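Trainee: Each chain, letter by letter, is given below.
2 protein chains.
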Amino acid sequence: MSNLIKPRTLKGFRDYLPEMMIPRERLMETARNVYRSYGFVPIDTPALELSEILCGKGGEETDRQMFRFMNGKRDVAMRFDLTVPLARFAAEHGSNLGLPFKRYQIAPVWRGERPQAGRFREFVQCDFDTIGTTSIASDIETGLVIFDLMKAIGFEKFSIRINNRKVLNGLLAKAGLSEASVLVLRALDKLPKIGREAVAKEMLETTDATQQQVDEVLKLSEVSGTNAEVLDQLEPLCSGSELAQEGLAQLRQVITAMAAVGVTDSNLQVDVSIARGLDYYTGTIYETFLDDLPSIGSVCSGGRYDNLAALYSKQELPGIGASLGLDRLLAAMDQLKMLPETRTTASVLIAQFSDQQLQTYLQMAQALRESGIATEVFPDAKKIAQQFKYADRRGFDAVLIAGDDEIVAEKVQVKWLADGSQTELSSAENYREVTQWLASRL
Amino acid sequence: MSNLIKPRTLKGFRDYLPEMMIPRERLMETARNVYRSYGFVPIDTPALELSEILCGKGGEETDRQMFRFMNGKRDVAMRFDLTVPLARFAAEHGSNLGLPFKRYQIAPVWRGERPQAGRFREFVQCDFDTIGTTSIASDIETGLVIFDLMKAIGFEKFSIRINNRKVLNGLLAKAGLSEASVLVLRALDKLPKIGREAVAKEMLETTDATQQQVDEVLKLSEVSGTNAEVLDQLEPLCSGSELAQEGLAQLRQVITAMAAVGVTDSNLQVDVSIARGLDYYTGTIYETFLDDLPSIGSVCSGGRYDNLAALYSKQELPGIGASLGLDRLLAAMDQLKMLPETRTTASVLIAQFSDQQLQTYLQMAQALRESGIATEVFPDAKKIAQQFKYADRRGFDAVLIAGDDEIVAEKVQVKWLADGSQTELSSAENYREVTQWLASRL
Numbered sequence: 001m002s003n004l005i006k007p008r009t010l011k012g013f014r015d016y017l018p019e020m021m022i023p024r025e026r027l028m029e030t031a032r033n034v035y036r037s038y039g040f041v042p043i044d045t046p047a048l049e050l051s052e053i054l055c056g057k058g059g060e061e062t063d064r065q066m067f068r069f070m071n072g073k074r075d076v077a078m079r080f081d082l083t084v085p086l087a088r089f090a091a092e093h094g095s096n097l098g099l100p101f102k103r104y105q106i107a108p109v110w111r112g113e114r115p116q117a118g119r120f121r122e123f124v125q126c127d128f129d130t131i132g133t134t135s136i137a138s139d140i141e142t143g144l145v146i147f148d149l150m151k152a153i154g155f156e157k158f159s160i161r162i163n164n165r166k167v168l169n170g171l172l173a174k175a176g177l178s179e180a181s182v183l184v185l186r187a188l189d190k191l192p193k194i195g196r197e198a199v200a201k202e203m204l205e206t207t208d209a210t211q212q213q214v215d216e217v218l219k220l221s222e223v224s225g226t227n228a229e230v231l232d233q234l235e236p237l238c239s240g241s242e243l244a245q246e247g248l249a250q251l252r253q254v255i256t257a258m259a260a261v262g263v264t265d266s267n268l269q270v271d272v273s274i275a276r277g278l279d280y281y282t283g284t285i286y287e288t289f290l291d292d293l294p295s296i297g298s299v300c301s302g303g304r305y306d307n308l309a310a311l312y313s314k315q316e317l318p319g320i321g322a323s324l325g326l327d328r329l330l331a332a333m334d335q336l337k338m339l340p341e342t343r344t345t346a347s348v349l350i351a352q353f354s355d356q357q358l359q360t361y362l363q364m365a366q367a368l369r370e371s372g373i374a375t376e377v378f379p380d381a382k383k384i385a386q387q388f389k390y391a392d393r394r395g396f397d398a399v400l401i402a403g404d405d406e407i408v409a410e411k412v413q414v415k416w417l418a419d420g421s422q423t424e425l426s427s428a429e430n431y432r433e434v435t436q437w438l439a440s441r442l
Numbered sequence: 001m002s003n004l005i006k007p008r009t010l011k012g013f014r015d016y017l018p019e020m021m022i023p024r025e026r027l028m029e030t031a032r033n034v035y036r037s038y039g040f041v042p043i044d045t046p047a048l049e050l051s052e053i054l055c056g057k058g059g060e061e062t063d064r065q066m067f068r069f070m071n072g073k074r075d076v077a078m079r080f081d082l083t084v085p086l087a088r089f090a091a092e093h094g095s096n097l098g099l100p101f102k103r104y105q106i107a108p109v110w111r112g113e114r115p116q117a118g119r120f121r122e123f124v125q126c127d128f129d130t131i132g133t134t135s136i137a138s139d140i141e142t143g144l145v146i147f148d149l150m151k152a153i154g155f156e157k158f159s160i161r162i163n164n165r166k167v168l169n170g171l172l173a174k175a176g177l178s179e180a181s182v183l184v185l186r187a188l189d190k191l192p193k194i195g196r197e198a199v200a201k202e203m204l205e206t207t208d209a210t211q212q213q214v215d216e217v218l219k220l221s222e223v224s225g226t227n228a229e230v231l232d233q234l235e236p237l238c239s240g241s242e243l244a245q246e247g248l249a250q251l252r253q254v255i256t257a258m259a260a261v262g263v264t265d266s267n268l269q270v271d272v273s274i275a276r277g278l279d280y281y282t283g284t285i286y287e288t289f290l291d292d293l294p295s296i297g298s299v300c301s302g303g304r305y306d307n308l309a310a311l312y313s314k315q316e317l318p319g320i321g322a323s324l325g326l327d328r329l330l331a332a333m334d335q336l337k338m339l340p341e342t343r344t345t346a347s348v349l350i351a352q353f354s355d356q357q358l359q360t361y362l363q364m365a366q367a368l369r370e371s372g373i374a375t376e377v378f379p380d381a382k383k384i385a386q387q388f389k390y391a392d393r394r395g396f397d398a399v400l401i402a403g404d405d406e407i408v409a410e411k412v413q414v415k416w417l418a419d420g421s422q423t424e425l426s427s428a429e430n431y432r433e434v435t436q437w438l439a440s441r442l
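Here the protein sequences come in this chain order: A and B.
Here the first sequence is numbered in our numbering, starting from 1 and rising by one per residue.
Here the second sequence is numbered in our numbering, starting from 1 and rising by one per residue.
Just so you know, the hints here were simulated from the structure itself, not pulled from any lab data.
Check before you lean on any hint, since a few could be wrong.
In the DSSO-like style, the derived pairs of lysine-lysine whose C-alpha atoms are separated by at most 30 angstroms in a straight line are [as the list claims (entries may be wrong)]:
1) B/Lys-314 with A/Lys-314
2) B/Lys-314 with A/Lys-389
3) B/Lys-73 with A/Lys-73
Treat the numbers as computed from the prediction; the structure is a model and nothing was measured.
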């Protein structure tokens, strides 16, 4: 019997077939182009790090989810995000980098999460961070990059939600809840999902907070309206806390500056409930939701931190950054039918009638490629119907047909697949007529 | 005392700083563009596979070098190349792919080799393969893709060496050395390095071959001259072996077709000594050397195989492919001083004189970006000398200067960093003069 090994991927992992990988590559290119347009530079770090570098930075949950193993005598693990490697990188290369340092990194990360619909154990993150500056200009820029990213990817209807941890922390201190802040913020984060009453109940159950303290914090749930209205309603709540007032002033500054370059309420909203789980955020925080598919969660999140590399270096490295969840966004675009159905990267297929004419076909393909038209030559002189079936299935725009007679007559037939129309063109002058005709239509 | 964790990468692994990562990303983009111009489509596969999928395909050495570990109850390993995952992928998705299937994959692979100069345990491979056809058209196309890749990357002086395993196998059979073929070919591979005598000695020592048999095989070492001359000298050697003659005819066909599209002896040479270690090659084989740095080894290698996925599927999947050693090529370009010294992705830095004018700077940057000019705004209103130092260090082309007075007068000073020249331009009409001036110089 057969000794075949069953071909399969690991649980929680997946292959990308061309129909998904073509748009996935385009997404990465779009992200790179947006990051570069702001002067962010690329870096790369190893997939594997010493476990002691990675452990204890992302919290207990990420520690448990790490793919960690012994390599000889070394305790190693696969990175679970791109922030911890950046912290190690910044501490290690410090003075060689120069500050401010604006970097992006687009790379896979691995987390042994329980697999569930739309959640995988390997996914690509697209991070960008500005380190070495506390300037609010970088907070504003981070928001602009998120806005440009979403637009460049093709979204119009999306909401960047902005908050400031100083507002939250100031209000908690004012209410005497600083020590319970992690639990209080965790409950507050659920406000849009479970509502005011359930959040209050959770706060009362999980912390020592009194009903009065909880009511004080939950005044936040009552603010509403335009960004200007929300900011105005926050003023009295923040009064009496220097920290909260500072956070509010920063929020105002970011909102105003972004409006000055055209990012208004329709795509940017102050949302005082977002806290972001990770406790290293200290100032501005961002989340981004798709208006047509909010249930998929935030597709681009981040915020300001005071000290990136405290575990590895005495030098304080403040900064701000965010991460585009590329694979989550791709899944959303698939659900929203935003992905083109194509399985080819070339526009034109040259049919092969006779292998005696292969050199002619190769020359034809070369002339087209030199004009920037991606072109494939069908490798075998199979039946023409079969070659057309291949062209249809892949999604080429046109098939070029040149049998012996056409080649002698210096002619090429161009079949345009969208409408089945056929046009005869001259192949003289190194296929000038063919390339011009195609270039005008592609 | 300090409890800092020493920031460091694992032995054999490395970070890519921007000055290396910027050209590395360009190399990947170039490879993608060339692959796409021929209609190859991208795929992606997981970094981790079940060990039984990976084991035993690449030979004992690669098995030993795998990063392999238990994940819960699963025996898993990190991929050591992109060919085995392609085989698994092709067997798993078979009928969904459609044949012929032309794919590329650009991704890191991991091998626990002993670290040595220029050799790392993580490196990026750029593979392209055409599967599901035995047509010689694909052998020719593979050579053309290699040629276009090398040209697009910026090389003029390179040598694609071509051979055909059928010629070698036919000659070995004719000499009665089929059974010793692995050892004989391993010795033959060293011909350019150690010379005829040493190769003969090794063959005699490691195999049962007689002096006469070795002499017969080593007639191969005497062929020389142009491709046409080499092919003619091979005719009498191949006579009497159908297999060798078939291989010779294929060599002739590939050489002729590539010459017809301009790839001639200066970049393509028949080299009967190359055998390529891996024994799954069965026809055309390619290696590629840099004329100015041959010692770095082949930077793009591959060949034809009869059956890619025999371990996982009964369906025979013949094909041909090659792999560009991206990180090896990058190291070579660094040695050959072919890499630009730049640490920025933006061309223009807008200096920040006063944070009161931040909105103006943001609007200026937006206008430039909308004209396709990547632009960074310095985040802090630091001393202008410090901002210029930053611009010099990163390698910007120009710094835009607009203090309060300039902004009132609707003027911008452009400092061109290459020659230090300064030009005053109007900022009216949404910076039209500035963007036009810059666009004409960048």
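Trainee: Now tell me if each hint is right for this structure.
Mentor: Evaluation of the provided hints:
1. B/Lys-314 with A/Lys-314: violated (60 angstroms)
2. B/Lys-314 with A/Lys-389: Roughly 25 angstroms separates the two Cα atoms, so the pair holds.
3. B/Lys-73 with A/Lys-73: holds (21 angstroms)
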